[in-house]
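*Asks:* The lines below spell out each chain.
Protein chains: 2
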Amino acid sequence: MERLYTLVWQDEKGAFPIGYMPQAVYDALIATPVTVRGEMDFDRATRSIKLFHKASSEPERTALAAKLVSHWREQQAFKILKGWRNEPWPVYGRNGEILFKMERVAVGLFGMARYGVHMHVFLMREDDTSKYPFRIWVSKRSPTKSNYPGMLDNSVAGGLAEETPLEGMIREADEEGSLPEDLMRSRVKCVSTVSYVYITDPRSGGESGLIYPELQWVYDLELPADGSVVPTPKDGEVENFKLHTVEDIQAQMAQGLWKPNCAVIMLDFLIRHGILTPENEPHYDEIQRRIHRRLPFPGPRYEASQIGA
Amino acid sequence: MERLYTLVWQDEKGAFPIGYMPQAVYDALIATPVTVRGEMDFDRATRSIKLFHKASSEPERTALAAKLVSHWREQQAFKILKGWRNEPWPVYGRNGEILFKMERVAVGLFGMARYGVHMHVFLMREDDTSKYPFRIWVSKRSPTKSNYPGMLDNSVAGGLAEETPLEGMIREADEEGSLPEDLMRSRVKCVSTVSYVYITDPRSGGESGLIYPELQWVYDLELPADGSVVPTPKDGEVENFKLHTVEDIQAQMAQGLWKPNCAVIMLDFLIRHGILTPENEPHYDEIQRRIHRRLPFPGPRYEASQIGA
Chain A
1 MERLYTLVWQ
11 DEKGAFPIGY
21 MPQAVYDALI
31 ATPVTVRGEM
41 DFDRATRSIK
51 LFHKASSEPE
61 RTALAAKLVS
71 HWREQQAFKI
81 LKGWRNEPWP
91 VYGRNGEILF
101 KMERVAVGLF
111 GMARYGVHMH
121 VFLMREDDTS
131 KYPFRIWVSK
141 RSPTKSNYPG
151 MLDNSVAGGL
161 AEETPLEGMI
171 READEEGSLP
181 EDLMRSRVKC
191 VSTVSYVYIT
201 DPRSGGESGL
211 IYPELQWVYD
221 LELPADGSVV
231 PTPKDGEVEN
241 FKLHTVEDIQ
251 AQMAQGLWKP
261 NCAVIMLDFL
271 IRHGILTPEN
281 EPHYDEIQRR
291 IHRRLPFPGP
301 RYEASQIGA
Chain B
1 MERLYTLVWQ
11 DEKGAFPIGY
21 MPQAVYDALI
31 ATPVTVRGEM
41 DFDRATRSIK
51 LFHKASSEPE
61 RTALAAKLVS
71 HWREQQAFKI
81 LKGWRNEPWP
91 VYGRNGEILF
101 KMERVAVGLF
111 GMARYGVHMH
121 VFLMREDDTS
131 KYPFRIWVSK
141 RSPTKSNYPG
151 MLDNSVAGGL
161 AEETPLEGMI
171 READEEGSLP
181 EDLMRSRVKC
191 VSTVSYVYIT
201 DPRSGGESGL
211 IYPELQWVYD
221 LELPADGSVV
231 PTPKDGEVEN
241 FKLHTVEDIQ
251 AQMAQGLWKP
261 NCAVIMLDFL
271 IRHGILTPEN
281 EPHYDEIQRR
291 IHRRLPFPGP
301 RYEASQIGA
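Residue numbers (my numbering), protein chains in the order written: chain A, 1 to 309; chain B, 1 to 309.
Since the hints were made in silico from the structure, they are not lab data. Do not rely on the hints blindly, as some may be mistaken.
Here's a subset of chain B near chain A, in silico, CB distances under 10 Å, partners left out [claimed, not checked]:
{"id": "1", "residue": "F78"}
{"id": "2", "residue": "V191"}
{"id": "3", "residue": "T193"}
{"id": "4", "residue": "I275"}
Per label pair, the in silico range of CB-to-CB distance [said to hold, decoys possible]:
{"id": "5", "chain 1": "B", "residue 1": "A45", "chain 2": "A", "residue 2": "Q76", "range": "47 to 57 Å"}
{"id": "6", "chain 1": "A", "residue 1": "L257", "chain 2": "B", "residue 2": "A24", "range": "52 to 62 Å"}
{"id": "7", "chain 1": "B", "residue 1": "D128", "chain 2": "A", "residue 2": "R94", "range": "35 to 45 Å"}
{"id": "8", "chain 1": "B", "residue 1": "N147", "chain 2": "A", "residue 2": "R47", "range": "47 to 57 Å"}
{"id": "9", "chain 1": "A", "residue 1": "P296", "chain 2": "B", "residue 2": "V36", "range": "36 to 46 Å"}
{"id": "10", "chain 1": "B", "residue 1": "A45", "chain 2": "A", "residue 2": "E167", "range": "45 to 55 Å"}
{"id": "11", "chain 1": "B", "residue 1": "K82", "chain 2": "A", "residue 2": "I98", "range": "51 to 61 Å"}
{"id": "12", "chain 1": "B", "residue 1": "S48", "chain 2": "A", "residue 2": "E74", "range": "25 to 35 Å"}
{"id": "13", "chain 1": "B", "residue 1": "D11", "chain 2": "A", "residue 2": "S208", "range": "47 to 57 Å"}
{"id": "14", "chain 1": "A", "residue 1": "P296", "chain 2": "B", "residue 2": "K131", "range": "29 to 39 Å"}
{"id": "15", "chain 1": "A", "residue 1": "R47", "chain 2": "B", "residue 2": "H283", "range": "30 to 40 Å"}
{"id": "16", "chain 1": "B", "residue 1": "P296", "chain 2": "A", "residue 2": "H283", "range": "50 to 60 Å"}
{"id": "17", "chain 1": "B", "residue 1": "S48", "chain 2": "A", "residue 2": "P296", "range": "22 to 32 Å"}
Using N, Cα and C, we set each Cβ at its ideal position, and we do this for glycine too.
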């Protein structure tokens, strides 16, 4: 792979990385007028870049970031910006503070960390169709989505803006699956985190070679066994939900039908529920290590006080 | 902390670390006659040491290792060797092969990785004594154990010799808790791995400052809710088993009554079952990262063929 450029931030304790950029993004920065992107410091020895740092407050830095990426959008500098969502995502400093916000699809250009939630919705049913009692709701991404259209996905998933994981999960469960808040509050459990770094390929619908460091808080939602609750698409991001056995899902994954990072989070489900084991999966320990990567960036911090707990 | 020495192994692809030693162990090596420890290569620049490498087969290297650590035991060179167990533990190379074996308590002197299994045995009961339905069997370590005597521990735990995690778990469940093999095979689930590095303190009963890199395969065993199965001490390593609520365990951990690495594995249980959450535990993400450390050494590999799966 080509060498990367590091986006760094400087605080009172020193400089630290907040993202990794491929050559094309560095080239675009160089080609952008300083009146648009603001001042940029480049350290040739470490290939590190400082951006937005001359502005002294978060709103000013967010405005600078918006000016830069909106310019690139107008210039059609990057294909990925066609999927513009109008959702500003936070970028964090070392004290959990927000340094600035940036349109979510543009965050990927700078290789900054993305935070989200994934939920496995399932019910327990013992019958001859599977070795395992789990029947899992698999969602199919809308064919009109800008990234990974038509691929299979976990029951409900989404990125976090300025909200706690639980609040984000409840919001997404409603928006994507029409799952009621009271059901969520009484039954959903945060059971894991999965963290990894992936590099985009053409299925992303945008540039290949972008760095996506992600941390997902993972939830299990066991529905009543009688099938009285069924997730239903609402906001158009999901084409349909289908109830699958573990064997169905393993076959789908082997066929490459799953969005890759979602398959990774499904592996965590299969591990937590004793389906993948050290004895039946030769790469068990390697999978465990790789789905719990230490992301080299600061992230959000949640306090009990934020949610009135 | 003082600087460490690295024990390295050389294979056809180069040298790699297999352990980290404090100064006292290096000093003891230097003071040991070459006729006892065999040839030792020391690279001053990298503070790295090669041992047992002149022997060309695993049994010969194991014999050399035994000669060295038995000598230290006779000389009373290290307090930790008073806990001698007569259990040779394997040390692995990069292809999953055993380089040599060494008495388990001596493995700690060289800071080599230790592999084990921990099991949470619990039943589900809803009543007014706890917010959570889990009633968990907590074991109290025998007051005569050489390390961490009298401290609280997970239901069943033990180190792995040359056996797969499941086989080791079944063996320990019988030896420590009198839990029958058929119950284990029908109900136990491997649900997680926890990996970490800790440094010994006086509670270890041996030297302080030893490096313990460990990987534990973690099992959940849900017992019938009627309480018809009860773990019972058998081999003398456990003084008693008591059934505790989550709140009991949290209070015990806060009081420092738990063996520290066992408390870490209990945190993984509390996370997997949705009791510790990003909203109620400010260090949630940090805990998740630290209990899934990438150990910097090669380890065992298990294949389905080993267990006839």
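*Asks:* It remains to establish, for every hint, whether it holds in the given structure.
*Replies:* Status of each hint after checking the structure:
| no. | hint | verdict |
| --- | --- | --- |
| 1 | F78 | 30 Å, violated |
| 2 | V191 | 5 Å, holds |
| 3 | T193 | 5 Å, holds |
| 4 | I275 | 9 Å, holds |
| 5 | B:A45 / A:Q76: 47 to 57 Å | 54 Å, holds |
| 6 | A:L257 / B:A24: 52 to 62 Å | 56 Å, holds |
| 7 | B:D128 / A:R94: 35 to 45 Å | 44 Å, holds |
| 8 | B:N147 / A:R47: 47 to 57 Å | 48 Å, holds |
| 9 | A:P296 / B:V36: 36 to 46 Å | 45 Å, holds |
| 10 | B:A45 / A:E167: 45 to 55 Å | 53 Å, holds |
| 11 | B:K82 / A:I98: 51 to 61 Å | 55 Å, holds |
| 12 | B:S48 / A:E74: 25 to 35 Å | 56 Å, violated |
| 13 | B:D11 / A:S208: 47 to 57 Å | 36 Å, violated |
| 14 | A:P296 / B:K131: 29 to 39 Å | 37 Å, holds |
| 15 | A:R47 / B:H283: 30 to 40 Å | 33 Å, holds |
| 16 | B:P296 / A:H283: 50 to 60 Å | 18 Å, violated |
| 17 | B:S48 / A:P296: 22 to 32 Å | 27 Å, holds |
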